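Asks: Line by line, the protein sequences give chains H and L. Adding 1 to a residue's 1-based position in the first sequence gives its number in the working numbering. Adding 43 to a residue's 1-based position in the second sequence gives its number in the working numbering.
What the hints contain is simulated information worked out from the structure, not anything from laboratory work. Worth double-checking, as some hints may not be accurate.
[Unchecked claim] Here are some chain L residues pointing at chain H (derived, C-beta under 7 Å):
no.: 1; residue: Leu58
no.: 2; residue: Leu61
no.: 3; residue: Met82
no.: 4; residue: Val111
no.: 5; residue: Val121
As the structure is a computational prediction, the values presented were derived from the model and not from experiment. All residues carry an ideal CB built from backbone N, CA and C; glycine is no exception.
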Amino acid sequence: MSDPVGPLEWAAKAAFYCVAALTLLGGWFAVSQRNLFRAALGLALALFGVAVLYLFLQAEFLAVAQLLVYVGAILMLIIFGVMLTAGIADPAVPRWNRQAVGAALACGALAVGLVAAVLRAPWLAGAGKEFTLPLEALGRGLLGRYLLPFELLSLLLLGALIGALHIARKEKE
Amino acid sequence: MIVPVSHVAALSAGLFALGLFGALARRNGIGILISIELMLNAANLNFVAFSRAQGDGSGMGQAAALFVIGVAAAGAAVGLALMLAIYRHRRTIAADEIDLLKG
Numbered sequence: 002m003s004d005p006v007g008p009l010e011w012a013a014k015a016a017f018y019c020v021a022a023l024t025l026l027g028g029w030f031a032v033s034q035r036n037l038f039r040a041a042l043g044l045a046l047a048l049f050g051v052a053v054l055y056l057f058l059q060a061e062f063l064a065v066a067q068l069l070v071y072v073g074a075i076l077m078l079i080i081f082g083v084m085l086t087a088g089i090a091d092p093a094v095p096r097w098n099r100q101a102v103g104a105a106l107a108c109g110a111l112a113v114g115l116v117a118a119v120l121r122a123p124w125l126a127g128a129g130k131e132f133t134l135p136l137e138a139l140g141r142g143l144l145g146r147y148l149l150p151f152e153l154l155s156l157l158l159l160g161a162l163i164g165a166l167h168i169a170r171k172e173k174e
Numbered sequence: 044m045i046v047p048v049s050h051v052a053a054l055s056a057g058l059f060a061l062g063l064f065g066a067l068a069r070r071n072g073i074g075i076l077i078s079i080e081l082m083l084n085a086a087n088l089n090f091v092a093f094s095r096a097q098g099d100g101s102g103m104g105q106a107a108a109l110f111v112i113g114v115a116a117a118g119a120a121v122g123l124a125l126m127l128a129i130y131r132h133r134r135t136i137a138a139d140e141i142d143l144l145k146g
């Protein structure tokens, strides 16, 4: 990793940290905004940032899947949910519950501890053999070695679809 | 990789802590769902980063990340349907006001 550092590499590093900062900012908006619609937009920023980080990690297929499934589908579901349940921006409604202070302290401690541990840990150098997974290998893996979880996942999605329809359906009086 | 893997892991730890805080402290049910999606994304980021750093030729890391995305989609669908049903019955989705089972 100590290659001669060219200006392009500096630019790539800077871009990476910018995207990382934007992702964290989006995450902060997502958990802190009182207006749930804005929180959903913060989530969109965070999800988009994670997709770009996948590109940096050379997982192109995952980046596209993230955009399609998360930004395209899950986020839209969430925004529908926000709009169908009123009172999202009511300033009289407290946005945090009673355990917010304790949760903030615990999560702050968790974050500090995890980051310190992660930055200090002696990482196994992957024998220097960084490896870009070809898309073909991923596809063969999904239809070969990981076929059972892949098919179970389709079953789970079908079950979730039917279950969600049944739960959200209007009851006949 | 253009940055050390520990920096990606640190970012993911920060994202996870943010999501955990949201899931613990948010009152609104949909806000809790949003926070859970954040935590799932943090875990996924680690899968992909480690898979890339360790030269994972079998695609295990990326396949696991794909499965997580799929399960998260199922979870979000059922969770939002639950929120809609609760809102229809109780006219609120504040998690600390839904206490029908509290006797």
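Asks: Take the hints in turn and mark each one as holding or not.
Replies: Against the structure, the hints:
Interface restraint check for Leu58(L): the shortest CB-CB distance to chain H comes to about 5 Å, inside 7 Å, so the restraint holds. Annotation: Leu61(L) was flagged as interfacial toward chain H, and the flag holds, the nearest CB pair being 4 Å apart, inside 7 Å. Violation of the interface hint for Met82(L) is found here, the shortest Cβ-Cβ separation to chain H being roughly 10 Å, above the 7 Å cut-off. At about 10 Å, the closest approach between the beta carbon of Val111(L) and any beta carbon in chain H exceeds 7 Å, and the interface hint on this residue is violated.
Taken as an interface hint, Val121(L) checks out: its beta carbon lies about 5 Å from the nearest beta carbon of chain H, inside 7 Å.
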